[in-house]
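Position chain E against the provided structure of chain W, taking the given hints into account.
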Amino acid sequence: KNEVEQSPQNLTAQEGEFITINCSYSVGISALHWLQQHPGGGIVSLFMLSSGKKKHGRLIATINIQEKHSSLHITASHPRDSAVYICAVSFQGAQKLVFGQGTRLTINP
Amino acid sequence: DAGVTQSPTHLIKTRGQHVTLRCSPISGHKSVSWYQQVLGQGPQFIFQYYEKEERGRGNFPDRFSARQFPNYSSELNVNALLLGDSALYLCASRLGANQPQHFGDGTRLSIL
Chain W
1 KNEVEQSPQN LTAQEGEFIT INCSYSVGIS ALHWLQQHPG GGIVSLFMLS SGKKKHGRLI
61 ATINIQEKHS SLHITASHPR DSAVYICAVS FQGAQKLVFG QGTRLTINP
Chain E
1 DAGVTQSPTH LIKTRGQHVT LRCSPISGHK SVSWYQQVLG QGPQFIFQYY EKEERGRGNF
61 PDRFSARQFP NYSSELNVNA LLLGDSALYL CASRLGANQP QHFGDGTRLS IL
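From first to last, the protein sequence lines stand for chains W and E.
As numbered in our numbering, residues 1 to 109 make up the first sequence, in order.
As numbered in our numbering, residues 1 to 112 make up the second sequence, in order.
I should point out that these hints are in silico values taken from the structure, not numbers from a laboratory.
Check before you lean on any hint, since a few could be wrong.
Unchecked claim - Derived, one-sided and incomplete: chain E residues facing chain W with beta-carbon distance under 8 angstroms:
id, residue
1, S33
2, F45
3, R55
4, G56
5, G58
6, L90
7, Q101
8, F103
9, G106
What the hints assert, rightly or not - Stretches of chain W that chain E covers, calculated by requiring three or more beta carbons in the stretch to come under 8 angstroms of a beta carbon on chain E:
id, region
10, 26-34
11, 38-44
12, 100-107
Quick caveat, the model's predicted, so the values are computed rather than measured.
Cβ coordinates follow ideal geometry from the N, Cα and C atoms, glycine included.
Just chain W, with the same shape it has in the complex:
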């Protein structure tokens, strides 16, 4: 069983729809990261959070430490949001990130 599970694996939506991607993890963490990966391969860090909620533009990330669950929301989705969204966690005392398998998001015009 992966330490980090994402759902859904694939998501197709129409432009303007509200998008939610979920991430669950199995043990206590020091921080959770949401990352965006475009087809070329480069990864961009969207959020790093250890509690509560963060917002940047149309993106919102929330985390529930007790439930070991995080969500990434995209409001008013746009075709340029099409990418793979990856959840990753870091553990206390560990140097590495552990990644989920990613959610491939396609927004159709």
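Here is chain E on its own, set in the frame of chain W:
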């Protein structure tokens, strides 16, 4: 300021050969991590270096090695290449332990 830069961007090798991938972190970042991303999967941690010392190693065979130089740039070396080593190799740097990682665009390695 330049982001994390990796070279080369693409590389084709044959089985049994060795390869060296290079990474320059963001200026001021002393921590560099390497990840392997096989097609369709999330990245897997290979190594982390901080101040030229190895601080973490993932579950990869000894064919994989790395080092960090005094200017904090890093090299990932893979010997005796196998077909399964075909992947996108990502380098990431960060300023400190509780800071986000900044990723390069990766080196896409294909083994024939």
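Hints, verified against the model:
{"no.": "1", "hint": "S33", "verdict": "7 angstroms, holds"}
{"no.": "2", "hint": "F45", "verdict": "4 angstroms, holds"}
{"no.": "3", "hint": "R55", "verdict": "5 angstroms, holds"}
{"no.": "4", "hint": "G56", "verdict": "3 angstroms, holds"}
{"no.": "5", "hint": "G58", "verdict": "6 angstroms, holds"}
{"no.": "6", "hint": "L90", "verdict": "7 angstroms, holds"}
{"no.": "7", "hint": "Q101", "verdict": "6 angstroms, holds"}
{"no.": "8", "hint": "F103", "verdict": "4 angstroms, holds"}
{"no.": "9", "hint": "G106", "verdict": "4 angstroms, holds"}
{"no.": "10", "hint": "26-34", "verdict": "holds (count 3)"}
{"no.": "11", "hint": "38-44", "verdict": "holds (count 5)"}
{"no.": "12", "hint": "100-107", "verdict": "holds (count 3)"}
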